[in-house]
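Q: Sequence:
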Amino acid sequence: MRDVAVIGVGCTEFGEHWGISFRDLFVKAGALALEDAGVTGEKIDALYVGNMSAGRFVEQEHIGALIADYAGLATNNTPSTRVEAACASGGLAFRQAVTSVASGMEDIVVAAGVEKMTDVGTGASVDMLASAADREWEGFAGATFPGLYAMIANDYMHRYPLTREQLAQVAVKNHENGAKNPIAQFRNRITVETVLNSSLVADPLRLFDCSPITDGAAAVVVVPLERAREFTDSPVRVLASAQASDTISLHDRRDISTLDATVAAGKRAFAQAGLTHKDIDMVEVHDCFTIAEICAIEDLGFCKKGEAGRLTADGATALGGEIPVNTSGGLKACGHPVGATGIKQIYEIVSQLRGEAAGRQVDAEIGMAHNVGGTGATVVVHILGA
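Position one of the sequence shown corresponds to residue 252 (this note's numbering), numbered consecutively onward.
Incorrect hints may have been included.
What the hints assert, rightly or not - For lysine to aspartate or glutamate, the following EDC-like pairs were computed, each having C-alpha atoms within a straight-line distance of at most 20 Å:
| no. | residue 1 | residue 2 |
| --- | --- | --- |
| 1 | K294 | D320 |
| 2 | K279 | D320 |
| 3 | K518 | D530 |
What the hints assert, rightly or not - DEER-style ranges, computed between Cβ atoms:
| no. | residue 1 | residue 2 | range |
| --- | --- | --- | --- |
| 4 | R253 | D484 | 15 to 25 Å |
| 5 | T414 | P330 | 44 to 54 Å |
| 6 | G572 | Y321 | 35 to 45 Å |
| 7 | E481 | G557 | 45 to 55 Å |
| 8 | N328 | K555 | 45 to 55 Å |
| 9 | R561 | L447 | 11 to 21 Å |
What the hints contain is simulated information worked out from the structure, not anything from laboratory work.
For each residue, glycine too, the CB sits at the ideal point set by N, CA and C.
Produce the entire structure from the sequences given, and follow the hints as far as they go.
A: Next up, the structure:
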């Protein structure tokens, strides 16, 4: 297996893009990544594209072919594969690209993610997202993702010392970071009172505990590490790529307050990289809801169960804290175009490790990305190093 490096990244602004099509979002992100890498399209050996549900959001399937076509790569007969793992589609697309280069099958590969979610109404979006849970045993019973994560939050708050104010601090911190991110959907600062006074969605989760519906795309270019300096003076190494699965339905889990797939993928990633938690300088975690960030920090092993709320309130996960979490603003403030989120996390870590994160820059040489599908049925963890 060969070592792999990221040589280029690109990301659109995240938000409600009424005037930009699904295909145009991807083409823009891909062009930015290729320009950053100094690579032309004819050099690309393959594409892996994360997308959850274009068939329902924009009534378009055969996404791999569509993207190869509109990226100008169909005339080169470049293989293009759509990767789907619900909200972990982007992270898994990156993993497939890394694996293809590491194996020697391909040399220059684009990993990307795209979702166009605002072309349908809110009710339709909620129903589409619910298909990432168990449709027969959860969806048909009326469960939505806010409802499922509210169950996690209630169970967690019953068993561990987490206050409602501490949970709100997750959103406050991520909006503070998002306010400094030029691609973020929400660039406004909020307070604990903003969160606590927002509309109740699924008790105890309120509107500002929830990530938004978003349009956006991101792309990165990976190559063998041995060739990386042909293209850039600042390659970022892929130190680990790990994946784990769990039951798709929440009610079948051993413990709904602990995402066992996160625990497993995190341990595998640390073992691959030969690193410990003290070596990680920053983490992008999958904060689809505020409780998800609390669980992720603990399940990845950065603190013991029941401690993440206090650490967040004390500023340990803020930009200047002991372990900065979601410097991008996370899903909560940067936005959550579900197929693109995992790639955006890689984009953010590469930007940080290169020292290109402007007003949200932290001192980092090694970063971790944690991408979740559903309520934790699929988890992908990557570790990158400068």
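Q: All the hints need checking, so say for each whether the structure fits it.
A: Each hint tested on the structure:
no., hint, in the structure
1, K294 / D320, "holds (16 Å)"
2, K279 / D320, "holds (14 Å)"
3, K518 / D530, "holds (14 Å)"
4, R253 / D484: 15 to 25 Å, "holds (20 Å)"
5, T414 / P330: 44 to 54 Å, "holds (51 Å)"
6, G572 / Y321: 35 to 45 Å, "holds (42 Å)"
7, E481 / G557: 45 to 55 Å, "holds (49 Å)"
8, N328 / K555: 45 to 55 Å, "holds (52 Å)"
9, R561 / L447: 11 to 21 Å, "holds (18 Å)"
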